[in-house]
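Asker: Here's the letter readout for the chains.
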Amino acid sequence: MELRFALSFTVVALVIALAVFVGAGFDALLKGYFELRRSLRATSYDFGAVLLKSPIVPGVSVVFAAPDASPGSRARVRRLLDLHFGKHEVVVVLNAPTESELDLWVAEFHLYRQERVVPEDLPAAAIRACYLSSDPIRMLVVEKDPGGVPDALNAGVNAAQYPVIGLVDGEADFIPEVLLRLIRPMLGDWDQTVAVCGVAPGPPAPGLVGLIGAIESARLWLVRCAAFSAWNKLLPVPGACMLVKREAVCSVGGFRGGTTELFLDLHAANRANKSPWRIAFVASPVSFRPAAATWDDLRRQVKSDQRELTAALRDLGSGAGYEFFGLFCSRGLRPVLETAACVLAVAGWITGLIQPALAALVLVTSIGAGIVISVAAVVLRELAESSGMAPGSLAALCLTAIPENVGYRQIRNLWLIAGLFGGAAAKKGK
Amino acid sequence: MTWPAAPVLAQALLYAAMALVGVHLLFLLALLGVAMFRAGRLRARRAAAAAIRPTLHGALVEFLAGGTDDSIFRRLIRTNRADIADSIMLFQGTVGGSARDRLCGLALDLGLVRQWCEEGRSRDVIRRRAALANVAFACVYEPCRRVAGELLLEALKDDDEEVRLSACRGVLLAEGEAQIKRLFELAIQPNLLTRIVLTEDLRRHALSLAAGPVRTALRSGEAKRERATLDILVAWERAIPIDDLREFLEHRDRDIRVLAFRLASFVSVNFDSRLALVRSLHDSDAGIRGLAIIAVGRQKMVEAIPELALCLRREGLQQARQAAAALAAMPPQGWRTLEELSMSPNPVTALAAGEALKRARMEA
Numbered sequence: 271m272e273l274r275f276a277l278s279f280t281v282v283a284l285v286i287a288l289a290v291f292v293g294a295g296f297d298a299l300l301k302g303y304f305e306l307r308r309s310l311r312a313t314s315y316d317f318g319a320v321l322l323k324s325p326i327v328p329g330v331s332v333v334f335a336a337p338d339a340s341p342g343s344r345a346r347v348r349r350l351l352d353l354h355f356g357k358h359e360v361v362v363v364l365n366a367p368t369e370s371e372l373d374l375w376v377a378e379f380h381l382y383r384q385e386r387v388v389p390e391d392l393p394a395a396a397i398r399a400c401y402l403s404s405d406p407i408r409m410l411v412v413e414k415d416p417g418g419v420p421d422a423l424n425a426g427v428n429a430a431q432y433p434v435i436g437l438v439d440g441e442a443d444f445i446p447e448v449l450l451r452l453i454r455p456m457l458g459d460w461d462q463t464v465a466v467c468g469v470a471p472g473p474p475a476p477g478l479v480g481l482i483g484a485i486e487s488a489r490l491w492l493v494r495c496a497a498f499s500a501w502n503k504l505l506p507v508p509g510a511c512m513l514v515k516r517e518a519v520c521s522v523g524g525f526r527g528g529t530t531e532l533f534l535d536l537h538a539a540n541r542a543n544k545s546p547w548r549i550a551f552v553a554s555p556v557s558f559r560p561a562a563a564t565w566d567d568l569r570r571q572v573k574s575d576q577r578e579l580t581a582a583l584r585d586l587g588s589g590a591g592y593e594f595f596g597l598f599c600s601r602g603l604r605p606v607l608e609t610a611a612c613v614l615a616v617a618g619w620i621t622g623l624i625q626p627a628l629a630a631l632v633l634v635t636s637i638g639a640g641i642v643i644s645v646a647a648v649v650l651r652e653l654a655e656s657s658g659m660a661p662g663s664l665a666a667l668c669l670t671a672i673p674e675n676v677g678y679r680q681i682r683n684l685w686l687i688a689g690l691f692g693g694a695a696a697k698k699g700k
Numbered sequence: 009m010t011w012p013a014a015p016v017l018a019q020a021l022l023y024a025a026m027a028l029v030g031v032h033l034l035f036l037l038a039l040l041g042v043a044m045f046r047a048g049r050l051r052a053r054r055a056a057a058a059a060i061r062p063t064l065h066g067a068l069v070e071f072l073a074g075g076t077d078d079s080i081f082r083r084l085i086r087t088n089r090a091d092i093a094d095s096i097m098l099f100q101g102t103v104g105g106s107a108r109d110r111l112c113g114l115a116l117d118l119g120l121v122r123q124w125c126e127e128g129r130s131r132d133v134i135r136r137r138a139a140l141a142n143v144a145f146a147c148v149y150e151p152c153r154r155v156a157g158e159l160l161l162e163a164l165k166d167d168d169e170e171v172r173l174s175a176c177r178g179v180l181l182a183e184g185e186a187q188i189k190r191l192f193e194l195a196i197q198p199n200l201l202t203r204i205v206l207t208e209d210l211r212r213h214a215l216s217l218a219a220g221p222v223r224t225a226l227r228s229g230e231a232k233r234e235r236a237t238l239d240i241l242v243a244w245e246r247a248i249p250i251d252d253l254r255e256f257l258e259h260r261d262r263d264i265r266v267l268a269f270r271l272a273s274f275v276s277v278n279f280d281s282r283l284a285l286v287r288s289l290h291d292s293d294a295g296i297r298g299l300a301i302i303a304v305g306r307q308k309m310v311e312a313i314p315e316l317a318l319c320l321r322r323e324g325l326q327q328a329r330q331a332a333a334a335l336a337a338m339p340p341q342g343w344r345t346l347e348e349l350s351m352s353p354n355p356v357t358a359l360a361a362g363e364a365l366k367r368a369r370m371e372a
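Protein sequence lines correspond, in order, to chains Z and X. Under my numbering, the residues of the first sequence are numbered 271 to 700, in order. Under my numbering, the residues of the second sequence are numbered 9 to 372, in order.
Treat the hints with caution; some may be incorrect.
Chain Z regions said to be covered by chain X (calculated; three or more residues, Cβ under 8 angstroms) [claimed, not checked]: (1) 445–458; (2) 595–605; (3) 619–628.
Keep in mind that the hints were calculated from the coordinates and are not lab data. Positions of the beta carbon are idealized from the N, C-alpha and C atoms, including for glycine.
Model the full assembly from the supplied sequences, consistent with the hints where possible.
Answerer: Structure follows, in structure tokens:
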């Protein structure tokens, strides 16, 4: 009798917690929808031609910490060099490359060594050499002693000559005009806007996986981009391109992790200084993460995002932790509680320890409410800005909410839990 | 809660949750219907526009090349008004002179200018922006200006930044000198976007502005106004007469100094300013020294050759190269100095001087 009571009580508590998460999620979706409408209406004409020519537009140094000298990395640098902007340079940081790797870079971009004094505004491993290209491209290659990605990014910021730093997520696919579009909010409010983040959902891949990926992208865009931007708590999401003022990066002591950590530090500094800093969000399609086409892609995307978030949020102090408590709950707590609730409900129902109605209530709060959230994400995204999809495809996307919440959602929860502990372990190992 | 009541309560909660989910789903399905209808209409409109646009563009090219046949536009103006307007605006950046007048005249004949003027007073900001951008372009043509009346001047006070910017551009293209001063004042306000957009359009009024508003702003004593004005002058890249640049070359605000040094590269400088430039070659700020070296080189200040030679001996490679380039711009004395310095025991000096001399001789 006591076990029955304890189990029922636990399930009821879990249902209440899940209902709170659903309510908060729906509220965030609505907030995101209104912010997207506001944001997309705020800028209609990009003055691209004027910005491209004007010498008043601040220059941008795009910093890229090359993971290796693979053809992929070199192709990425080529794409960064092709960006349309009046005054920009690409700073490629090579983290202790081997001789053969360095030769590959030198051969590809016709590099020659140049003596250069690099300021030491941010802590970074020693710089071995700087290289410029003999081709008519604005590129600086910095070869440095071994260090992690944050160290390489700090070295890149030190070597950057312009007041604005451009950062591109490893998974981002971007348009050549991305810098012209991103700089616009900074120009509108130069004193207060310290950073800009631009991303939009990409075109969905074909098949069920592609449709599920599209629903995930819509949710991410509405909640973690638009709604967080409305609360001035915007953090970079996978596939985003960013601009950050160099002096803001220096004021927070540079990178201590990836871009998520940097943005968290900017928010923390904003709160501590009580300075009215703003991180702007560009909702137009300037950059996106390529859609997942297979289950493996989907799993990798979910887990890597979760790992990054967990690693970043774990290092926050109590004040900042409170600021992003909602994000922690939705990404860290909800999957655990939901999985526990489902397991207890099913087990309790099979063993007869809990009422069938209570078990069904868990399913309705988890699956039923999940379907509502997914359909709302698709509909609100479409109403905020037309995706260009055919009416039939829209209906199919909404119908995908059913398999997404019956089956995939439960598996995704397990991936999120794995990512949560993976991120924590990675941080500990560091 | 008593135990026997639990199943009833659980059932009630279940029904309530199901009802809540059901109501939300129904509402969302209704919204989905709206979204599907909108998506379908948008796709149909895009398909129709894609079909008609090439024909319209072809006809416009012929019309702008001197053709007189505008029948296709008159025939389609009722059914494809937006497509015709978009096609006309597509050519705005590519035509000038009489072709631009013909384009604006066509828009006026088809009633588009009147429509844009009406939409320019709309409460919908998106519509107002698009309309004002079009009116601003059309107002280059005098008959269009008469139709627009005071619309552009009224729009200068609009709440929306883009509408104001379009209105400013229109006024700059259409109105006389009277409004130029007002727009210059707007350009030196803190908003960088406004400054960037207006600087480009104010460029052709540079000389008349330099005599009045620029001088006033530079003497205002307000660092922000001075910085903004110098920003604009640097962006114009024109040899504008500036009374006394020295004051800004030695300003306490570093940003103002940087702009003044950049400006010193292409404006005529008086004796005091030349002295200030030479003095700055010994400035404690390496960035300022670098800019001073470039300015001295551009001004071909032969009297600064000894100081440049000193820079070439003392500075790091980057600034030694700049000093060498400055010397290379001043033949024959500068070249003689470079020849001497290329034999220097200091490898940096010898390298920079040798490189610059070689380049200068090749270019000569």
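Asker: Now look at each hint and say whether the structure bears it out.
Answerer: Here is how each hint holds up against the structure:
1. 445–458: Held - the segment 445–458 of chain Z has 4 residues with a Cβ nearer than 8 angstroms to chain X, which meets the minimum of three.
2. 595–605: violated (count 0)
3. 619–628: Since three or more residues must qualify, the claim that chain X covers the segment 619–628 of chain Z holds, with 3 doing so at under 8 angstroms.
When the structure is compared with the earlier hints, a violation turns up for hint 2 alone.
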